[in-house]
Amino acid sequence: MEDFKSIIDAHHPILYKIGRSYASADDFDDLYQEMLINLWKGLQNFSGKSKLSTWIYRVVLNTALTYNRNKKRKKVAHVPVEQIENIVETDTKQHKQNQENDIKQLYVAIRKLPKDDRSIMLLYLEEKSYDEIAEIIGIKRNNVAVKINRSKKKLHELLKENDYGRQ
Amino acid sequence: MEDNNIKSLWKKSDKQAGAYYGKIEDELIKKASKESQSLFARIKRNIIIELWVSVILAIALPFIFWKDKMEFAIVAVLVVALLAVTFYYYLRYLNQIKTVNEPNVLEALKIKEKILSAYVKRLYLLFYIAVPVGFFIGLAFGDQVFVFFSLKTLIQVAVATPLLILVFWLGRKYIYALYTKHLIHLREIIAGVENG
Numbered sequence: 001m002e003d004f005k006s007i008i009d010a011h012h013p014i015l016y017k018i019g020r021s022y023a024s025a026d027d028f029d030d031l032y033q034e035m036l037i038n039l040w041k042g043l044q045n046f047s048g049k050s051k052l053s054t055w056i057y058r059v060v061l062n063t064a065l066t067y068n069r070n071k072k073r074k075k076v077a078h079v080p081v082e083q084i085e086n087i088v089e090t091d092t093k094q095h096k097q098n099q100e101n102d103i104k105q106l107y108v109a110i111r112k113l114p115k116d117d118r119s120i121m122l123l124y125l126e127e128k129s130y131d132e133i134a135e136i137i138g139i140k141r142n143n144v145a146v147k148i149n150r151s152k153k154k155l156h157e158l159l160k161e162n163d164y165g166r167q
Numbered sequence: 001m002e003d004n005n006i007k008s009l010w011k012k013s014d015k016q017a018g019a020y021y022g023k024i025e026d027e028l029i030k031k032a033s034k035e036s037q038s039l040f041a042r043i044k045r046n047i048i049i050e051l052w053v054s055v056i057l058a059i060a061l062p063f064i065f066w067k068d069k070m071e072f073a074i075v076a077v078l079v080v081a082l083l084a085v086t087f088y089y090y091l092r093y094l095n096q097i098k099t100v101n102e103p104n105v106l107e108a109l110k111i112k113e114k115i116l117s118a119y120v121k122r123l124y125l126l127f128y129i130a131v132p133v134g135f136f137i138g139l140a141f142g143d144q145v146f147v148f149f150s151l152k153t154l155i156q157v158a159v160a161t162p163l164l165i166l167v168f169w170l171g172r173k174y175i176y177a178l179y180t181k182h183l184i185h186l187r188e189i190i191a192g193v194e195n196g
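Protein chains in written order, with our numbering: chain A, 1 to 167; chain B, 1 to 196.
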């Protein structure tokens, strides 16, 4: 079994992106930590029947879907999510600043989607195949395309409402 | 808004993911380093206090048997031997911790955990040997004629056994409070850094 840290090193963007799609800034650290804990616990029993990344998506999505914001943990590290944009780019040109705002708006819109639609949309944006999406979510492959189209439509409407992409 | 633009933005948020992950790692490592330093400082302080208490007890204990020169001598030799062994383990532990020279914080913590774990095991071993030996010496020297299966001895054993159990219980609590508790905390710190 691979070292846990090296697995997280390779897959941490999944935790971040799904975490930001399901949790507000206040809850993000807690949710991220819970994802890590669930991955750690689950990895010891990972049988290897599915791809590792598929398994990770499943665990992380389940954690996000069942996250209980009342179950606060002692924070190991508090890194305000809004400040991340500042950490990434300190000398940004205007178009890069707009991009940072657009990413933020995208997450805001995704968070407004119903939870089921959010899962589908996240996996679609991660460019997972229909088979993988069906396996991760636990739905029939035939239903994936319909659900993706529905989620995309809702997302576009939400982005319009947020005045996204002022181009 | 085009799908391709949304997907492109989605990919670009990987950079933010990386920045967050990097920051969490740095903060975790700093916190673990600080916590472990204060933990080892506390253990060192406990050891130094124990050293002084051991010396005082080692001087005082044989005098309980001062009426009989032979008993005094035997107890004094055993106490000095026990003190010498504990001194050796204390000093060896302090020296091992001091000479850990690993630049990687996590690896250094793991090495120190092994050292502390071995030290705690030796403490328990010493304790499990010293207490019964002390018990039998107390029984033997407490009676002018020690006959193992005499009624008087058996009654003494029956009365002293709960005391022995109490001493074991208190001793284990003592070692837990001074050392095992910190060892468990150190393992939690290591797990916290490893698991993010």
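Careful, some of the hints might be misleading.
To be verified - Once the Cα atoms are required to be at most 16 Å apart in a straight line, the calculated EDC-like pairs of lysine to aspartate or glutamate come out as: (1) K15(B) with E126(A); (2) K7(B) with D9(A); (3) K5(A) with E25(B); (4) K12(B) with E100(A); (5) K15(B) with D9(A); (6) K110(B) with E194(B); (7) K128(A) with D3(B).
No lab work stands behind these hints, which were simulated from the structure alone.
Hint-by-hint comparison with the structure:
no., hint, in the structure
1, K15(B) with E126(A), "holds (15 Å)"
2, K7(B) with D9(A), "violated (22 Å)"
3, K5(A) with E25(B), "holds (11 Å)"
4, K12(B) with E100(A), "holds (9 Å)"
5, K15(B) with D9(A), "holds (13 Å)"
6, K110(B) with E194(B), "holds (11 Å)"
7, K128(A) with D3(B), "holds (15 Å)"
Hint violations for this structure: number 2 only, all remaining hints satisfied.
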